[in-house]
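Chains F and W are the protein sequences, given in the same order. First residue of the first sequence: 1, per my numbering; consecutive thereafter. First residue of the second sequence: 1, per my numbering; consecutive thereafter.
There may be inaccurate statements among the hints.
[What the hints assert, rightly or not] Subject to a maximum C-alpha distance of 30 angstroms in a straight line, what follows is the list of computed BS3-like cross-link-like pairs (lysine-lysine):
id, chain 1, residue 1, chain 2, residue 2
1, W, 33, F, 104
2, F, 87, W, 33
3, F, 87, W, 36
4, F, 55, W, 18
5, F, 114, W, 69
[Said to hold, decoys possible] From chain F, some residues computed to sit far from chain W (all C-beta separations above 10 angstroms):
id, residue
6, 31
7, 74
8, 97
9, 121
No lab work stands behind these hints: they were computed from the structure. C-beta atoms are modelled at their ideal positions from N, C-alpha and C, and glycine is treated no differently.
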Amino acid sequence: MRKYETVFISDPDLQDQARLDLFDKVRNIIAKENGILLNFDDWGNKKMAYEIKKKLRGHYVCVTYGGTGDLVKELERNFRLTDDILKFMTILLSDDVTVESLEKEVADAQEAAKAAEELAAERETAAAAEKAVEESDETTEVQD
Amino acid sequence: MYRNQKTGGKNRFFQRKKICRFCVDNALELNYKNPKALRQFITERGKIMPRRITGTCAKHQRQLSLAIKQSRQIALLPFVGRPMH
Chain F
1 MRKYETVFIS
11 DPDLQDQARL
21 DLFDKVRNII
31 AKENGILLNF
41 DDWGNKKMAY
51 EIKKKLRGHY
61 VCVTYGGTGD
71 LVKELERNFR
81 LTDDILKFMT
91 ILLSDDVTVE
101 SLEKEVADAQ
111 EAAKAAEELA
121 AERETAAAAE
131 KAVEESDETT
141 EVQD
Chain W
1 MYRNQKTGGK
11 NRFFQRKKIC
21 RFCVDNALEL
31 NYKNPKALRQ
41 FITERGKIMP
51 RRITGTCAKH
61 QRQLSLAIKQ
71 SRQIALLPFV
81 GRPMH
């Protein structure tokens with residue numbers, strides 16, 4: 001199995017629902033061809049360096065997944081058929097990966113995200129506590 | 001008077017020692033997804049700058065040219081920039 005990364009530019013004027021449908025389609029293709037979705041990164045609307053299909057802006061999405069060459073073929077065939085996709089590019093990230101290693105990677109990423117979230121929450125509560133302390137200090141000062 | 005006149009015309013220009021910025025700075029990410037960093041290594045016209053000007057080492061110049069070409073492919077960098085006036 002190989003690890004690939006595909007960046008595709010979708011139409012910036014697409015309605016939200018249509019865009020979600022498009023993303024679901026991509027996910028379905030990966031699932032159908034026995035691929036493992038590692039990361040679905042939405043970069044949002046960005047200005048492009050040159051015009052594509054008379055459009056100056058594009059909605060960038062970066063998908064990282066594990067799969068075979070047939071999956072890439074099928075995915076790119078569908079991209080070519082879809083008018084809402086302005087351009088796409090697939091890059092080979094790793095030549096030799098196993099299902100287990102990919103699953104481990106997904107689990108690791110989830111764990112890291114969870115840890116980061118917890119850390120952020122902790123910081124927030126700490127900041128809130130600090131703020132409360134400061135406020136109470138101020139009130140005591142006023143009383144003095 | 002020119003400082004280097006004694007050397008018979010050679011070394012006419014003082015040359016600063018060039019260093020590879022990717023070797024020195026590990027934080028400088030060499031990736032097609034980072035067009036901000038790559039922009040420093042292309043000309044206004046959008047051409048890839050040669051090693052003799054930027055001082056990038058051979059290993060990183062190879063990676064850099066690949067990254068720039070990939071970045072162009074998905075319209076993060078221009079194939080042809082605006083002409084200079």
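Each hint tested on the structure:
Restraint check for residue 33/W and residue 104/F: satisfied, since their Cα atoms lie roughly 25 angstroms apart, inside the 30 angstroms limit. For a cut-off of 30 angstroms, the pair hint linking residue 87/F to residue 33/W stands: about 15 angstroms separates their Cα positions. The hinted pair formed by residue 87/F and residue 36/W meets the criterion: a straight-line CA distance of about 21 angstroms does not exceed 30 angstroms. Proposed proximity of residue 55/F and residue 18/W is contradicted: the alpha carbons are some 41 angstroms apart, above 30 angstroms.
Between the alpha carbons of residue 114/F and residue 69/W the distance comes to roughly 36 angstroms, so the proposed pair goes past 30 angstroms and is violated. Separation of residue 31/F from chain W is adequate, the least Cβ-Cβ distance of about 24 angstroms exceeding the 10 angstroms criterion. For residue 74/F, the condition that its CB be more than 10 angstroms from all CB atoms of chain W holds, with the nearest at approximately 20 angstroms. Consistency note on residue 97/F: stated as away from chain W, and its beta-carbon is indeed over 10 angstroms from all of that chain's, at 19 angstroms minimum.
Against the 10 angstroms criterion, residue 121/F stays outside the reach of chain W, whose nearest CB is about 28 angstroms from its own CB.
In this structure, the hints that do not hold are numbers 4 and 5, in rising order.
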